[in-house]
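Chemist: Residue numbers (our numbering), protein chains in the order written: chain F, 1 to 343; chain C, 1 to 343; chain E, 1 to 343.
Fair warning: there could be bad hints in the mix.
Stated by the list, open to error - In silico contact screen, one side only, chain F against chain E (beta carbon under 8 Å); selected entries:
#, residue
1, Phe182
2, Ile192
3, Leu217
4, Ser315
5, Glu325
To be verified - Chain E regions said to be covered by chain F (calculated; three or more residues, Cβ under 8 Å):
#, segment
6, 160-174
7, 315-326
Quick caveat, the hints were computed from the structure, so don't treat them as lab data.
Backbone N, C-alpha and C fix where the C-beta goes; we use that ideal spot for every residue, glycine too.
The primary structure of each chain is shown beneath.
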Amino acid sequence: MKTLKELAELVGGTVVGDGEAEIHSVAGIDSAKAGEITFLANPKYLPLLKTTQASAVMVKPGVEAPGVSLLVCPNPYLAFAKVLTALHVTKPEVRGVMEGAFVDPEAQIADGVTVYPGCVIGKNVTVGTGTTLYPGVILYDDVTIGEDCLIHAGTVVREGCRIGNRVIVQPKAVIGSDGFGFAPDGSGYYKIPQVGIVVIEDDVEIGANTCLDRAALGETRIGRGSKIDNLVQIAHNVKIGEDSIIVSQVGIAGSSEIGKHCTLGGQVGVAGHLKIGDNTMIGAQSGIASNLPGGQVFSGSPAIPHRDWLRASMSFSKLPEMRKEIGRLKRQIEELQELIKEG
Amino acid sequence: MKTLKELAELVGGTVVGDGEAEIHSVAGIDSAKAGEITFLANPKYLPLLKTTQASAVMVKPGVEAPGVSLLVCPNPYLAFAKVLTALHVTKPEVRGVMEGAFVDPEAQIADGVTVYPGCVIGKNVTVGTGTTLYPGVILYDDVTIGEDCLIHAGTVVREGCRIGNRVIVQPKAVIGSDGFGFAPDGSGYYKIPQVGIVVIEDDVEIGANTCLDRAALGETRIGRGSKIDNLVQIAHNVKIGEDSIIVSQVGIAGSSEIGKHCTLGGQVGVAGHLKIGDNTMIGAQSGIASNLPGGQVFSGSPAIPHRDWLRASMSFSKLPEMRKEIGRLKRQIEELQELIKEG
Amino acid sequence: MKTLKELAELVGGTVVGDGEAEIHSVAGIDSAKAGEITFLANPKYLPLLKTTQASAVMVKPGVEAPGVSLLVCPNPYLAFAKVLTALHVTKPEVRGVMEGAFVDPEAQIADGVTVYPGCVIGKNVTVGTGTTLYPGVILYDDVTIGEDCLIHAGTVVREGCRIGNRVIVQPKAVIGSDGFGFAPDGSGYYKIPQVGIVVIEDDVEIGANTCLDRAALGETRIGRGSKIDNLVQIAHNVKIGEDSIIVSQVGIAGSSEIGKHCTLGGQVGVAGHLKIGDNTMIGAQSGIASNLPGGQVFSGSPAIPHRDWLRASMSFSKLPEMRKEIGRLKRQIEELQELIKEG
């Protein structure tokens, strides 16, 4: 529970209306009730300001709404995230190593860590203070996990991988599985041992059931602040820069490097050994088969500049008609040629 | 073991031949032996009726097969499913909370529930009678699971999510992972806490390694009777109507609503904040980027009506030839223009 | 630690330089130091031979490098894999059934097996000697696992499935989940029980979070030596031949048969009930909707011969221009027709 004034201080905004109003939670603009705060980021919902039951609304400067308390701030969407955090997020209770967890005597578990039942922790593992390992987390030997991480249930981290501070891993991610490397030996395939590791830098989030393969040699690396959604495949020796966004079901093949501040839409595929420059945006379902310069938007499979793809896609359904038209033109030209020859 | 007559009653069919024949199992038409029943749904397999060793065959009305006992019924495929259930499916043995399961004292586990070793069950969890939690199922605090559910090994259900009755969850599904929401804060991204839940209605099936993200606010909801295959991504605040079919590796982005009785083929992607009408069918690998009316079939990425896509796809490989032809026509027209000018 | 001479014997190569040089590990050509061996498979890295700090380099016959010891062999990439194995891979320590593992008294666990904490093993399960079950592996009743397998953490194998010898399963694979089969019953869907199994032959590797569905009746089968990457969906009754490569995020629908020595690129989709001939290669993100003969390369969705697809894809972005050009030609022809009529 916080007053509207306290929330305004938190998000760097100003109150128009009742600063003493007590706010206990956040809700959508159409379902919010008294005691709740909501937000308005999209002008198309402006009419809802008249009917909302919320005690306060976070809005951009310039919005007026007689009879409703406003929290005016430059970025209501970011303010929404901060208020939600303040009102709804509590640090998990520290419970230590609980009964039913199996921790190797040579592991180093800091004070202030919670290890739930069903966790199995190998030799020489280090877990930093403030970190919670939810039930069924499995850390192979020599894994390092930093401070204040949330590692959700059933996540597996294989031998030697390193996770930084404030990293959040959703349930059942796999970190450090073998890269997919096989050398043809004439008849079949000979496994190339994958002896590298995965390094996850600070403030990264990894989605549920996402797979990060360990490097063949060296490192697979996820840069500070990057966010990876569910069911993503990151192959061996991939590097992802800082603050990049990788949406669900993306696959990035071996040794490719994604720059900083990139966004890869859902189900994108990136072939191996490529470089994607900083600030690149790639539309959903695209297929990337060559290096991309930074700062541009691409779509399609194989990908082309987004605008070209939009225009070409709109023409795609016209293909049969175009073929017919070409046939008609051909016949008309033949008739003209005939006429002229005769003439 | 049942007699053919008993099976006929079960499926609402009639016996042509030996109603007292004892049937112990179901098999394919080419591998079935004496004591087994098989089915014929596709007329192209009619010739196999002469050579099958099965004791009986489920067929549509109108099929004749001297020397083979028939179970005649309007829908042999459905009958096959019912007979398979009758002969092969037994309710799992009730074993209570087994040694090696960790159940919070504040959880409410009904009589008639089985909780296998390796399960971890949090505070205020409710599990209804007849439900089986296979090994390694992890239920966070405040989860509700209805009656007669089968929750297969390694499934994780995060805090507060609700599962109805007769729900089947294949191994290692993740229910209630955080939605993928981040607000840009100038330099990087600020996590938007995901404080909603997932609600799974009665008679739903969820595939292996499928992810259902919890809502940011409110609910992600899977409608009664819908079936979701393996490795599917359902993002935060998605709603799926009743009796819809979502095939493997589909991804549905945030807040999109899929109607009733829809079918989404494998690897389909649906962008966020869209509405897909009831009875829509979407071909495999399609990409949906706009609202779709109900009752139609779409394919392609971006998707267009299925027939248009089929025709356009057939023309796609002709593109290089079409370009050449256009070049030829252009030159011929120039020649004609020249001729006429001269003439 | 091995001498260069010993490594040469191992890979069937010859030493040019110091055969007594002691090699303790393998590294990339640009990061290798004294005591390390590296390899050169791609001629474009030849200049690095002059600057590498490695004690030795594996090269093809014909490469010369004064001042560097060479291990000359016909296939340096395969030699790299073998040397990596010799220097870096040790058999896992045998630890027996460890505390915290739950093994049914009717399971048969051979000597020389390791079962880590958190594993749960059902009735009548058989595990062959030399096999390691990492933490949290769950084997339902009647599962058979051969000798010298590595089953990584959190993998689930459902009832009755059979795994051969020397099989490697990356973390959290699901083997034997129900196939996705439902019969419409007028209003909704009736579940078709999936009473078959999965059979994995010898020397197969299965990726992390990959799903192999059990057959409806009979078997889903993965042929000897085949390698399946992460997040792959193999539906019920699929057969994969020997020595095939299935890259990440591929989905193969029910009852399709993939031949021997095939390669399916990342994110490929294969529709149900198809046959793909031996030695077929399918480009990433392709969609296969019809049978394919063996020995060819296909790409696109729907797939066409790879060369045709490459050429057509290059024309795709020209579509809007082509439409305009067709319009221009049409007008020019009309003008010509007019001129001739007048003339």
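Chemist: Does each hint hold? Answer for all of them.
Modeler: Do the hints match the structure? See the list:
The beta carbon of phenylalanine 182 of chain F is positioned within 8 Å of a beta carbon in chain E (closest approach about 6 Å), and the interface hint is therefore held. A hinted interface residue such as isoleucine 192 of chain F counts as satisfied when its beta carbon comes closer than 8 Å to some beta carbon of chain E; here the least separation is about 4 Å, so the hint holds. Contact between leucine 217 of chain F and chain E, as hinted, is supported at the beta carbon level, the nearest pair being about 5 Å apart and thus within 8 Å. Annotation: serine 315 of chain F was flagged as interfacial toward chain E, and the flag holds, the nearest CB pair being 4 Å apart, inside 8 Å.
Hint status for glutamate 325 of chain F relative to chain E: holds, with the closest Cβ pair at about 5 Å, below 8 Å. Counting residues of the segment 160-174 of chain E whose C-beta lies closer than 8 Å to any C-beta of chain F gives 4; at least three are required, and the coverage claim holds. Counting residues of the segment 315-326 of chain E whose C-beta lies closer than 8 Å to any C-beta of chain F gives 8; at least three are required, and the coverage claim holds.
Hint compliance for this structure: every hint is met.
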